[in-house]
Amino acid sequence: MRLLKLVPDNTNIDFVRLRYIAFAVTTLLTIGAIALVFARGLNMGVDFEGGLMIEEHFQTAPPLDELRSTIDGLNVGDVALQPFGDPKVISIRLPQPPGTDEGRTNAVVKKVETAVAAKFPGAEFAKYDTVSGKVSDELIHRGIMAVLVAIFAIGLFAIFRFEWQFGISTVVAILHDVLMTLGFFALTQLQFDLNIVAAVLTIIGYSINDKIVIDDRIRENMRRYRKMEMREIVNLSVNETLPRTVMTSLTVILALGALLLFGGFVLHGFTAAMILGVIVGTYSSIYVSSSLLITLGLRAEPPEAKGKAAGKAERIRPQGE
Amino acid sequence: MLDFPRWKITSIVGLLAVLMALSIPSFFGETATSKWPIHPHVNLGLDLAGGSYLLLEGDIKDLQGSRLAAMRDSVQQEMRTDGSPIGIGDISIQGGKLSFMVRDVSQVDAARERLLKITGSGAGLSGQRDWDISVVDSTRFVLTPTEAGLQEAVKNAMADATEVVRRRIDALGTKEPTIVQEGTDRIVVQVPGLQNPQALKDLLGKTAKLEFKMVDVNADPAAIAKGIAPVGDEILPMADNPQQKIAVHRTTIISGDMLDDAQQKYDQNNQPDVVIRFNSEGGRRFAKVTQENVGKPFAIIVDNQVISYPRIDEPILGGTASISGGGFTVESANNLAIALRSGKLPVNLKVIEEHTVGAELGNDSIHAGIVASAIALAAVIVFMAVTYGRFGLYANLAVAINLFVILGLMALLNATLTLPGIAGFVLTIGTAVDANVLINERIREERRRGRNVVQSVELGYKEASRTIFEANVTHGIAGLIMLILGSGPIKGFAIVLLLGIATSVFTAVTFTRMLVAIWLRRNRPSEIHI
Numbered sequence: 001m002r003l004l005k006l007v008p009d010n011t012n013i014d015f016v017r018l019r020y021i022a023f024a025v026t027t028l029l030t031i032g033a034i035a036l037v038f039a040r041g042l043n044m045g046v047d048f049e050g051g052l053m054i055e056e057h058f059q060t061a062p063p064l065d066e067l068r069s070t071i072d073g074l075n076v077g078d079v080a081l082q083p084f085g086d087p088k089v090i091s092i093r094l095p096q097p098p099g100t101d102e103g104r105t106n107a108v109v110k111k112v113e114t115a116v117a118a119k120f121p122g123a124e125f126a127k128y129d130t131v132s133g134k135v136s137d138e139l140i141h142r143g144i145m146a147v148l149v150a151i152f153a154i155g156l157f158a159i160f161r162f163e164w165q166f167g168i169s170t171v172v173a174i175l176h177d178v179l180m181t182l183g184f185f186a187l188t189q190l191q192f193d194l195n196i197v198a199a200v201l202t203i204i205g206y207s208i209n210d211k212i213v214i215d216d217r218i219r220e221n222m223r224r225y226r227k228m229e230m231r232e233i234v235n236l237s238v239n240e241t242l243p244r245t246v247m248t249s250l251t252v253i254l255a256l257g258a259l260l261l262f263g264g265f266v267l268h269g270f271t272a273a274m275i276l277g278v279i280v281g282t283y284s285s286i287y288v289s290s291s292l293l294i295t296l297g298l299r300a301e302p303p304e305a306k307g308k309a310a311g312k313a314e315r316i317r318p319q320g321e
Numbered sequence: 322m323l324d325f326p327r328w329k330i331t332s333i334v335g336l337l338a339v340l341m342a343l344s345i346p347s348f349f350g351e352t353a354t355s356k357w358p359i360h361p362h363v364n365l366g367l368d369l370a371g372g373s374y375l376l377l378e379g380d381i382k383d384l385q386g387s388r389l390a391a392m393r394d395s396v397q398q399e400m401r402t403d404g405s406p407i408g409i410g411d412i413s414i415q416g417g418k419l420s421f422m423v424r425d426v427s428q429v430d431a432a433r434e435r436l437l438k439i440t441g442s443g444a445g446l447s448g449q450r451d452w453d454i455s456v457v458d459s460t461r462f463v464l465t466p467t468e469a470g471l472q473e474a475v476k477n478a479m480a481d482a483t484e485v486v487r488r489r490i491d492a493l494g495t496k497e498p499t500i501v502q503e504g505t506d507r508i509v510v511q512v513p514g515l516q517n518p519q520a521l522k523d524l525l526g527k528t529a530k531l532e533f534k535m536v537d538v539n540a541d542p543a544a545i546a547k548g549i550a551p552v553g554d555e556i557l558p559m560a561d562n563p564q565q566k567i568a569v570h571r572t573t574i575i576s577g578d579m580l581d582d583a584q585q586k587y588d589q590n591n592q593p594d595v596v597i598r599f600n601s602e603g604g605r606r607f608a609k610v611t612q613e614n615v616g617k618p619f620a621i622i623v624d625n626q627v628i629s630y631p632r633i634d635e636p637i638l639g640g641t642a643s644i645s646g647g648g649f650t651v652e653s654a655n656n657l658a659i660a661l662r663s664g665k666l667p668v669n670l671k672v673i674e675e676h677t678v679g680a681e682l683g684n685d686s687i688h689a690g691i692v693a694s695a696i697a698l699a700a701v702i703v704f705m706a707v708t709y710g711r712f713g714l715y716a717n718l719a720v721a722i723n724l725f726v727i728l729g730l731m732a733l734l735n736a737t738l739t740l741p742g743i744a745g746f747v748l749t750i751g752t753a754v755d756a757n758v759l760i761n762e763r764i765r766e767e768r769r770r771g772r773n774v775v776q777s778v779e780l781g782y783k784e785a786s787r788t789i790f791e792a793n794v795t796h797g798i799a800g801l802i803m804l805i806l807g808s809g810p811i812k813g814f815a816i817v818l819l820l821g822i823a824t825s826v827f828t829a830v831t832f833t834r835m836l837v838a839i840w841l842r843r844n845r846p847s848e849i850h851i
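Just so you know, the sequences run in chain order A and B.
Per my numbering, residue 1 is the first one in the first sequence, and the count goes up by one each step.
Per my numbering, residue 322 is the first one in the second sequence, and the count goes up by one each step.
With the rest of the complex left out, here is chain A (with noise of 0.2 Å):
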């Protein structure tokens, strides 16, 4: 029986080599990323904008300006309509009315209910989600908060486990990942609400989970070859773990493009932004945070402080020699 092998024995790809181009292209594209994000914004849910969002499904998919002038007939403010991936399903987005009243919320909802139905018959709401300012300003503080606490816990975590070297390459290409998903919600215009929060906060999980292990590696190379050159260690260890980085990005990709195929629409954002993550954290893994270390200057100790570094090292292993 011949078992599939994705990565050749012995592979000897020099990946440090690339990483000044690397960063080149990082620095650039991340900077892209931000500049993307500012210029054209993210399409913030009702999560973190406030206001309304009623999701129709529709008998048959209508025609947008119909819809669009029967909503506006009723005078509840501007309206924003979005097909949600099936053109039955649209999602109808309006700002929160006026003064604190919470009974004219309830009232828009039933108006744009009644009116809808009444044009296309056999239209039926699916949910609707209303959010006041204040909540919504709370939500985004939570979100943000999430993130940068998740970051600063795992670089804390790295820098006690590891060497501090490796907390600051990891936190930065955390960051990294997180820029570039924000990008791809710009670029895309995809709506990105609490959902992605949580995708985001997976694509740190799972991109740390990818880093740790090539990390792990160096650790374990710098020990067995004492008197061998960083940049020799890194590309050891990449392409040692290159196997397991191939396999465990395509097992969850192809998990995750299940989820994206056959899913339902309600999850295409976050699947949408899993899927990239797991990408750009794999990429991050290799020319962020591996070559990171070399610029950094981790070096493997000299023998006679090593004994005391590796002892201690031991004593915190979980498992017992």
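Some hints could be false.
Said to hold, decoys possible - Here are the computed distance ranges between Cβ atoms for each label pair:
(1) B/329 - A/82: 55 to 61 Å
(2) B/352 - A/142: 35 to 41 Å
(3) B/481 - A/187: 46 to 52 Å
(4) A/87 - B/787: 47 to 53 Å
(5) B/332 - A/220: 28 to 34 Å
(6) B/352 - A/187: 47 to 53 Å
(7) A/148 - B/329: 40 to 46 Å
(8) B/846 - A/224: 38 to 44 Å
(9) A/82 - B/573: 49 to 55 Å
(10) A/13 - B/353: 52 to 58 Å
The set of hints was computed from the structure by calculation and includes no laboratory data.
Treat the numbers as computed from the prediction; the structure is a model and nothing was measured.
Backbone N, C-alpha and C fix where the C-beta goes; we use that ideal spot for every residue, glycine too.
Place chain B on chain A using the hints.
Coordinates of chain B only, in the frame set by chain A:
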């Protein structure tokens, strides 16, 4: 490595079997399993089951206002009674403070005595003063609510409000609502399966403060129209016609606290009305007031709107009264009855966030989620099998078991499965095999380095375990932060993710190691395909 004692095998298999068994009831309906001896269930989130999520916020400003008004009323009452009334005047609420003047300077000390009685002499409920009392210009008293007192009042009001909300929702007869207080001034209400949250919101939007007050028949209609209230009066709109205003005496003769029951019934004209029954104190009071005021009209007021102002034709001694008029429909009368029965809300509640999902969308999502998970699992299984052969099959078995174990644990913890939670499942399939990929790649590597089969497998598991531990701890940090800081869908996702991390380490490492050990021991292969 090969040393796997029987007791260890038994306990691993046993533990996994029990956890998997816990997931079984969740695949059947709640009713189908209700007779089973134990039937833990995974709750479906509102995005899957359909239903409404409401975030209510108490109006603290309003609470402050009514607290001051209540204090004003008790000051007036206290100064008037006790045989020797103290003359006060110019009582007013301004800038969050209550102030009044004592007419006679010699009575200032006596007035202070009485104030201390009603504001609580030293320590209030909070262990500190609820009100600061000061005297300016020798005769003017100023009462300022303290921060601690206010906080205590908010705390109590919100706790009471949560209870009232619960009673009202229970009265609607919906299935398994969740009502929890969040933070200092918020209440989260989740009602699965509720298709029309309008009725619910109507019900929660009502404070249901019921008051009976005497109508001021001498008030000048022109002044009322201009909104100028005669001294001691207030002007209130009619519920069914807010343009029409009525002047009533400020003193409440009977309030909603004195109710025993309220029911929606029909009056003699077959119009819906609400029949209320007073408790013994309320009944006595109502009898006394109606005896004293025969021929005069009194106003029935709900939430500062006059429902009706019938004339008292004869003393009402039976302790019941009927509220009719006010443009009642059966539904609105029933809502009022429920609201009155469940007691008045101590604070106004506003809906600041709402999510309602139709049941159909929920069903579609569950269906799509199951299909996606199955396809993801199938794809991963094939991929792992062609890559790692026997070792891939072991990993696949571990992943499949892991999914049921996560479900079983969620059922045990009574956790809620949401749509992002399903995404969490699919992602877990992907990441759980990562542990096996790490192990298997390591075994391949060790074989290439020329170690024998048993050594390679042993070293593969040992070296990879360290990496898996590091990687999962960091992944877990991200999950934990999501659980703590995240809201709504993020939490649902984090639960699945965290459980998945915990269980996958066990199934992917311990369980597969056991399978590999058993196989190696039985067959003693000199070569392995990996």
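Query raised in the report: Looking back at the hints listed earlier, which ones does the structure fail to meet?
Result: Number 8 only.
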